[in-house]
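Asks: Listed below are the residues making up each chain.
Number of protein chains: 2
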Amino acid sequence: MTTHFFCFPIEGSVYVPRIFTYQELLALPSKTIKIVLECAGNKRALFHPNTYGEQWKEGAIGQAYWKGVSLTTLLQYTGVHHSAREVVVEGYDTGPRTDMEGTFRYVRSLPLHKALHPDTIIAYELNGRPIPYKHGYPLRLLVPQWYAMASVKWIKKITVIDDTFQGPFQTTDYVYYPHKNNDVGKHPVTTMNSNSTIQQPLHLSTLSQGAHLIKGIAWTGEGTTTAVDISIDNGHTWLPASLQQNSAEPYSWVRWSFRWHAEKKGEYTLLSRATDSLGRVQPPIAVWNRKGYGYNALCMTKVKIE
Amino acid sequence: MTTHFFCFPIEGSVYVPRIFTYQELLALPSKTIKIVLECAGNKRALFHPNTYGEQWKEGAIGQAYWKGVSLTTLLQYTGVHHSAREVVVEGYDTGPRTDMEGTFRYVRSLPLHKALHPDTIIAYELNGRPIPYKHGYPLRLLVPQWYAMASVKWIKKITVIDDTFQGPFQTTDYVYYPHKNNDVGKHPVTTMNSNSTIQQPLHLSTLSQGAHLIKGIAWTGEGTTTAVDISIDNGHTWLPASLQQNSAEPYSWVRWSFRWHAEKKGEYTLLSRATDSLGRVQPPIAVWNRKGYGYNALCMTKVKIE
Numbered sequence: 001m002t003t004h005f006f007c008f009p010i011e012g013s014v015y016v017p018r019i020f021t022y023q024e025l026l027a028l029p030s031k032t033i034k035i036v037l038e039c040a041g042n043k044r045a046l047f048h049p050n051t052y053g054e055q056w057k058e059g060a061i062g063q064a065y066w067k068g069v070s071l072t073t074l075l076q077y078t079g080v081h082h083s084a085r086e087v088v089v090e091g092y093d094t095g096p097r098t099d100m101e102g103t104f105r106y107v108r109s110l111p112l113h114k115a116l117h118p119d120t121i122i123a124y125e126l127n128g129r130p131i132p133y134k135h136g137y138p139l140r141l142l143v144p145q146w147y148a149m150a151s152v153k154w155i156k157k158i159t160v161i162d163d164t165f166q167g168p169f170q171t172t173d174y175v176y177y178p179h180k181n182n183d184v185g186k187h188p189v190t191t192m193n194s195n196s197t198i199q200q201p202l203h204l205s206t207l208s209q210g211a212h213l214i215k216g217i218a219w220t221g222e223g224t225t226t227a228v229d230i231s232i233d234n235g236h237t238w239l240p241a242s243l244q245q246n247s248a249e250p251y252s253w254v255r256w257s258f259r260w261h262a263e264k265k266g267e268y269t270l271l272s273r274a275t276d277s278l279g280r281v282q283p284p285i286a287v288w289n290r291k292g293y294g295y296n297a298l299c300m301t302k303v304k305i306e
Numbered sequence: 001m002t003t004h005f006f007c008f009p010i011e012g013s014v015y016v017p018r019i020f021t022y023q024e025l026l027a028l029p030s031k032t033i034k035i036v037l038e039c040a041g042n043k044r045a046l047f048h049p050n051t052y053g054e055q056w057k058e059g060a061i062g063q064a065y066w067k068g069v070s071l072t073t074l075l076q077y078t079g080v081h082h083s084a085r086e087v088v089v090e091g092y093d094t095g096p097r098t099d100m101e102g103t104f105r106y107v108r109s110l111p112l113h114k115a116l117h118p119d120t121i122i123a124y125e126l127n128g129r130p131i132p133y134k135h136g137y138p139l140r141l142l143v144p145q146w147y148a149m150a151s152v153k154w155i156k157k158i159t160v161i162d163d164t165f166q167g168p169f170q171t172t173d174y175v176y177y178p179h180k181n182n183d184v185g186k187h188p189v190t191t192m193n194s195n196s197t198i199q200q201p202l203h204l205s206t207l208s209q210g211a212h213l214i215k216g217i218a219w220t221g222e223g224t225t226t227a228v229d230i231s232i233d234n235g236h237t238w239l240p241a242s243l244q245q246n247s248a249e250p251y252s253w254v255r256w257s258f259r260w261h262a263e264k265k266g267e268y269t270l271l272s273r274a275t276d277s278l279g280r281v282q283p284p285i286a287v288w289n290r291k292g293y294g295y296n297a298l299c300m301t302k303v304k305i306e
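Protein chains in written order, with this note's numbering: chain A, 1 to 306; chain B, 1 to 306.
Since the hints were made in silico from the structure, they are not lab data. From a predicted model like this one, the values you see are computed outputs, not experimental measurements. Keep in mind that a hint or two might mislead.
If several chains are the same, the list does not tell them apart, and a pair holds so long as it fits within one copy or across any two.
[What the hints assert, rightly or not] Capping the alpha-carbon separation at 30 angstroms, the derived lysine-lysine pairs in DSSO-like fashion look like this: (1) K186 <-> K264; (2) K153 <-> K304; (3) K134 <-> K57; (4) K264 <-> K291.
Please build the complete structure, drawing on both the sequences and the hints.
Replies: See below:
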């Protein structure tokens, strides 16, 4: 498809169903937001017992500047019925599933309050250029603070509905199942957990005696990261890291660093622990769930000083 | 440096020390060999207890066509004293170490019998082109069957010696230390162990019921791979995989495949086990060593049929 002729409808429980063209979108008021996108399965490989799915370690996260139009701006054109409860966004991607017969399009919904948040945008640029194909060209929904499954790529259609959407990527996948063999207590994956990653030094690396900079990132899906504490003795004692915060970028990760003078040879277990403005602290052990979502236990890096 | 003027000496315990130019090398009889290069630390991350070093899983291995001149051809120009025991190859790369003061060049030796083997070559092409810089441009030693630390990049100098080379990359690194806290039983890393990797399906992936192709590679550092057996029940029963062998390429890996009809839902632990022509079989548990070299336990992949 050429973007010149690309368009998508907003329909369903609205006053004026309408088709928006790509060109119209470019002409509407835009905003550019730096947003962390973290896969709900980031760090899945760290769960014990193992969980099935892509064995992500720390790498299923990124951040970028996304430019687009608030979804709420578009919904002002169509209006939304009083009975509306959710906004359903359908992507062009489709495929089979291992657990059901047939093929399925990727479709997800947002509760109305999140769909109407001014920072929930229909993006057409990533880092100042048209969105690369694999990241959702030509249009992608961006939902700050939610795990990235909410940010539907390759938008095909938007539908406002009066009930609760029940597609498999909403009710089967991206659901926390607390138990291995039954579905008791299942609840949907939404906002990101308070989390941090040690980027330097590398796990199980060997360092010389002397000064070393421990550094990394921290992020959260509600409020902002307010503190990162570091332990070099496997959690017995903690000291605060320095944060590079930028209040103009509430949806970006925070870089942190900690100066360590490693005097004695030996093996050390370094830990980082982020706290957000809602008081959510990374736990010592992540809450296990069958599909391996939302891992956010303390980040652990072992090093040897020799 | 420009390759047109590049040259390196062969000196030490030889009759006629000599400088070889890159141009001379190109004019000498060449051979092209498909060679597996496997890092001695490949699969290090799978050792229990953990070992320090780059946390490789299955990816620290590759194969390519290398074109060059047999080292033994060059040594015919210089001659080798009767007292000679080893050939020392020095690279241009240099740097600090965490365990010793000072900077060190990367230098390794080969025993005379391996240096004189006609398939030990000074290579100047990788896959039909000049060797890319990161792979050793302009000249790299290639030592088939040995772990890749032997294949010295960026050759600077070759020296024939009458004794045993003692550089840190020979006597400290690339040494098997069987014990955590003492050096009893230490011995050098040389040839690759009999090994295999399951490439498909991915570990902890979910598959539908029905037919699946399990496939992967197998390789060894002595003789050739003669069999790969597969278990789909965590080692209780084994069946042979089909091998795609090519006797004209004794130093390449062997591709293998196994058709599996997965009838029953559930979790399965797939294992692959290679055997080489010297009767070396992959063990259930790899021989632990402090620096995490030579991991070759059975390759394990868990899948869920749903």
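Asks: Can you tell me if K153 and K304 fall within 30 angstroms by alpha carbon in one copy, between copies, both or neither?
Replies: Between. Shortest inter-copy distance 28 angstroms satisfies the 30 angstroms Cα cut-off; intra-copy 43 angstroms does not.
Asks: Up to 30 angstroms between alpha-carbons, please classify K134 paired with K57: within, between, both or neither.
Replies: both (21 angstroms within a copy, 26 angstroms between copies)
Asks: Measure nothing new, just compare the shortest in-copy and cross-copy C-alpha distances for K264 and K291 to 30 angstroms and report within, between, both or neither.
Replies: between (41 angstroms within a copy, 21 angstroms between copies)
Asks: As a check of your reading, is K186 near K264 (CA-CA no more than 30 angstroms) within one copy, between copies, both or neither?
Replies: between (47 angstroms within a copy, 26 angstroms between copies)
In this structure, none of the earlier numbered hints is contradicted; all agree with it.
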